[in-house]
Amino acid sequence: MDKRAYIRDEFSKIQIELSEKQAEQFEQYYEMLIAKNEVMNLTAITEFEEVVQKHFIDSVMIKEVREPGDNEKWIDVGTGAGFPGIPLKIVYPQLQVTLLDSLNKRVKFLQEVVDALGLEQVEALHGRAEEYAKKAEYREQYDCCVSRAVANLASLSEYCLPFVKVGGLFLAMKGESAADEVQEAENEAAGKAVEILGGRIGQRKEFMLPSSDMYRCLLYIEKVKATAKKYPRKAGMPTKEPLH
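Under my numbering, the first residue of the sequence shown carries the number 258, and numbering increases by one thereafter.
If you are wondering where the hints come from, they were derived from the structure by calculation, not from laboratory data.
All C-beta atoms, glycine included, are put in the ideal place defined by N, C-alpha and C.
Just so you know, not all the hints are guaranteed correct.
[Said to hold, decoys possible] Quick list of simulated restraints, FRET-style, between CB atoms:
1. Q398 - K270: 33 to 43 angstroms
2. V423 - Q460: 12 to 22 angstroms
3. E452 - V407: 19 to 29 angstroms
4. A483 - G459: 13 to 23 angstroms
5. K270 - A483: 37 to 47 angstroms
6. D266 - K482: 39 to 49 angstroms
7. E369 - T303: 15 to 25 angstroms
Kindly produce the complete structure, drawing on both the sequences and the hints.
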């Protein structure tokens, strides 16, 4: 199989025309992901076509609700193997991206990918969102925060909204189990938590991933006022005791 041709074809189905260089970067990313996955757990999805669909394409479907603008700063909280941050950076090279993960082994892998692919203006950080969100150089510095991390909306909002500048966005990417969360996003408790953190729940976009039967949902949360200094609470608290 001509992997690069396949990657370009799949992206063209979502109206993204990749250059040869971008297709090559995706192919190299795939090869590095699979090689590293043999020695550490990065992804349960390893078949080439599936990785293209469920990781690469999925990551950039964000454009359906928010296309990155020139020189915007985005942060990917709980990035894991680099999704959605690295695919977004490949497709939108003008984007400034911060990749944040709590596992140092993953962050080292991400740095290897960034170096190998020649990606500029990408920062890979090892640490917890609760700690970095308290630092002046990261707090309320981003146009958009994205996360595919698995957590309920109230907890995830506490990890993510403190990074977003007023007028910016937090985009929560949800998969198969999202139906309950979509309802939760519209219930009083989650809405209240988002409001306490300075956010407002906006639109949601539900869709099936192209060439697959995978359901996806993007929740769009606007940052309407500054987050109170006491948030996020200390490590572990947003998950143990979600705001409501």
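Hint by hint, here is what the structure shows:
1. Q398 - K270: 33 to 43 angstroms: Between Q398 and K270, where Cβ atoms are some 34 angstroms apart, the hint holds.
2. V423 - Q460: 12 to 22 angstroms: Roughly 19 angstroms apart at Cβ, these two residues keep to the hinted range, so it holds.
3. E452 - V407: 19 to 29 angstroms: Given range 19 to 29 angstroms: holds, Cβ gap about 23 angstroms.
4. A483 - G459: 13 to 23 angstroms: The hinted range 13 to 23 angstroms holds for A483 and G459, with Cβ atoms some 18 angstroms apart.
5. K270 - A483: 37 to 47 angstroms: holds, 40 angstroms
6. D266 - K482: 39 to 49 angstroms: Holds, since D266 and K482 (Cβ atoms, about 44 angstroms apart) stay within the stated range.
7. E369 - T303: 15 to 25 angstroms: 18 angstroms Cβ-Cβ, so the 15 to 25 angstroms window holds.
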